[in-house]
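*Asks:* The residues making up each chain are set out below.
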Amino acid sequence: MKLRAIHRILSILILILFSFSCASDLDYNQVNDIKLEPIFISNLAYFDVQANQFVTEGVEQNVIFDAPTVDVFSEKFFTEKLNRVDLFFEINNTINRSYRMDLVFLDRNNQPVHSTNLIVPAYSGVENIVTKTEIFQNATLDLLKRTTKITFTLTMLAGPPLSESSVGSIKLRSGVTAYFVVE
Amino acid sequence: MRKKILIFVLFLTVGSFSQNKQILYNFTSVPQSLLTNPGSDVKYNWYFGIPLLSGISTNVGSSGFSAYDLFADNGVDFNVKLRNVVFSTTRKDRIALNEQIELFNGGFKIAGEQGDSYVSFGVYQEFDFMSYVPKDIAILALDGNRDYLGKVFNLGDLNVKAEMLSVFHLGFHKKINEKFILGARGKIYSSIYNVNSTNNSGYIYTIPSTQGVYEQMIYSNLQFNTSGIAKYDDEDYDPNVVKDITKRAFLGGNLGLGFDAGLTYYPKKNIQLTASVIDFGFIKHTNEVESLTFKGTYKYEGVIPKFSSGNSAEDGYQEFKDAVPLDTLYADYTTWRPTKFNTSIQFSFEEERAEDCNCLNYDPETIYKSAVGAQLFVMSTPRTPLVAFTTYYRRKIFNSLQMKATYTIDSYSYKNIGLGLSSMFGPVNFYVLADNLLEYRDVTKANSLSFQLGLNVIFKDSKK
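Order-wise, the sequence lines are chains A and B. Its first residue numbered 1, the first sequence is counted upward by one per residue in the working numbering. Its first residue numbered 1, the second sequence is counted upward by one per residue in the working numbering.
Just so you know, these hints were derived from the structure itself, not from any lab. Every residue gets a Cβ at the ideal spot worked out from N, C-alpha and C, and that includes glycine. Please note that the accuracy of each hint is not assured.
Unchecked claim - Below are the DSS-like pairs computed for lysine-lysine, each with C-alpha atoms no more than 27 Å apart in a straight line: (1) Lys135(B) - Lys81(B); (2) Lys149(A) - Lys306(B); (3) Lys321(B) - Lys145(A); (4) Lys321(B) - Lys81(A).
Claimed, not checked - Derived Cβ-Cβ restraints for the label pairs, each shown as a range: (5) Asp73(B) - Gln137(A): 28 to 38 Å; (6) Gly252(B) - Ile135(A): 58 to 68 Å; (7) Lys76(A) - Gly252(B): 38 to 48 Å; (8) Ile229(B) - Ser74(A): 26 to 36 Å; (9) Glu60(A) - Ser201(B): 48 to 58 Å; (10) Glu183(A) - Lys243(B): 36 to 46 Å; (11) Pro325(B) - Arg108(A): 20 to 30 Å; (12) Ile409(B) - Lys76(A): 42 to 52 Å; (13) Asp442(B) - Lys81(A): 22 to 32 Å; (14) Lys76(A) - Asn79(B): 47 to 57 Å.
With these hints in hand, go ahead and build the complete structure from the sequences.
*Replies:* This is the structure:
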């Protein structure tokens, strides 16, 4: 009799357990709604040109130029997922001359797709920093994505002459903030 | 609703977790308990499992979050839920699935003068999946690095493995004397496919710098091994999945060896000690292996115009791709099976004085109606071992119905109550074991669930 009672209680317990068991509605299709919006920061460019690099054998070189490859924006992942790019430029000039820096963004056919410039005054003993931030979205971003090369041109403007022993440097720090949308 | 429960249960069946079979362990009225301890004190003349129905076992677990947290149909944006899950978990949280289905299983007794011996054998199919939450990589994907200046992202958070295999086993168990039973089981593993990426390390950080805007460093030592799936990547290959799986399941796959060992010891008539080691073994992957590596170190400074020769043509991105290349290797590799260790102590009481009592027989199930005990389970994982502690109460309700109730504490839950029932109707043994019963209030919110059931035909000694 006792056994039967235990059995009965047990059966009822099991029955209660399974009849009260339930599952909330789940919707696995929500995975399709996934939208990632990461924001990455990275270096774009850097240089630190000493004053005496503008002087060759006693003669001033007023224009120096370089065109390194920058094809990261044209990578497939970037062209598809990039939504906005901020480029940040900072020039710190400690040379007693003023400068103009021209940047020209070139596509694979060496055609310019974007250009920008910064003018930095001559150093006079106090901190001498010029910054500029450019934002690329929509049409301007599409142009940026075609970039495979950037030409850097530093033009020294008129001022007191430099010699091989002139001090100071002109320093560029440039960073990228890339806004992605991955759906 | 009903359909969704079904899908969920199916999901449980396909995947499963901690592999702790705390209810089955030492529940000797179920012959499958021999698979958790080859030295279990079983009693039968011979038995066989109903093919495909004798042992169905699933186990899912997820510490840190549940299916409900991610997939609840509650109007909350999925991306919000995903963020909540990522930011509320740690790199130690994991998802694990384990599933086993016995194709066939059987055993018989060899009567001996000193003591009986038992042979058991069978084939089962098993699926294992385990992944830690790749927390830092998930943060990078969700937020990027802009708001994490100075944080070192740990690439070692990526730790995942999955394997489908079939296991051929043959076990032998011998009663050394009235107090001591020893058992061992040899296993041949036939891996159907394997994916594993468990020995990763590396980091990425970005900190402010005076030279350049940032100091940005990546050190990566990532490797992703696969076997048995490479050819499905090939577009020209016309796959015949069923044929491939069948062939590999029956020793045509990557093979491995392993063994189980276990014992049962009665220091006193009503005290029982047991211990077992399960799946101490490895698989050597030599067929259809393909590994991806992403290894290297790179400090990203951006482009640095030199202004010297007019065109320095420096390309930081190409340099990065050269420094941390994505390579494909075809080298053999070895994986270790997750090894399980069980031990238990049991005190039996409520002695039953059967008329035909064989007082030399130490079997606690025939002499004692009730027992309490404690069990410890430890399983090797790619990081710290998984530990679970169980206390239980076992009771013979009728001669034909045994019950075992368990309470388990582990890293997934501290309120895991389980119940197992094993019945004998004539020679037919039916068992059903389920744990985390409290979670059945809403299975989608459960952090772990396991379920085992099966049908066997058992012939016991006519003489008790």
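*Asks:* Hints first: check each against the structure and report whether it holds.
*Replies:* Here is what the structure says about each hint:
Of the pairs offered as hints, the one joining Lys135(B) and Lys81(B) holds, with about 15 Å between alpha carbons and a cut-off of 27 Å not exceeded. Under the criterion of a C-alpha separation no larger than 27 Å, the hint pairing Lys149(A) with Lys306(B) is consistent with the structure, at around 14 Å. The suggested pairing of Lys321(B) with Lys145(A) holds, with an alpha-carbon distance near 19 Å, which does not exceed 27 Å. Distance restraint check for Lys321(B) and Lys81(A): the Cα-Cα separation of roughly 20 Å lies within the 27 Å cut-off, and the hinted pair is therefore satisfied.
About 35 Å separates the C-beta atoms of Asp73(B) and Gln137(A), a value consistent with the hinted range of 28 to 38 Å. Evaluation of the 58 to 68 Å hint for Gly252(B) and Ile135(A) yields a pass: the beta carbon distance comes to about 59 Å. The beta-carbon spacing between Lys76(A) and Gly252(B), approximately 39 Å, falls within the hinted interval of 38 to 48 Å. The given range of 26 to 36 Å is respected by Ile229(B) and Ser74(A), whose C-beta atoms sit roughly 33 Å from each other.
The given range of 48 to 58 Å is respected by Glu60(A) and Ser201(B), whose C-beta atoms sit roughly 52 Å from each other. In this structure, Glu183(A) and Lys243(B) meet the distance hint of 36 to 46 Å, their C-beta atoms being roughly 38 Å apart. Take Pro325(B) and Arg108(A): their Cβ atoms lie about 24 Å apart, and the range 20 to 30 Å holds. Against the hinted window of 42 to 52 Å, the Cβ-Cβ separation of Ile409(B) and Lys76(A) comes to about 50 Å, which satisfies the hint.
Remark: the range hint 22 to 32 Å for Asp442(B) to Lys81(A) is contradicted by a beta-carbon distance near 37 Å. Between Lys76(A) and Asn79(B) the beta carbon distance is about 24 Å. The supplied range of 47 to 57 Å is therefore violated.
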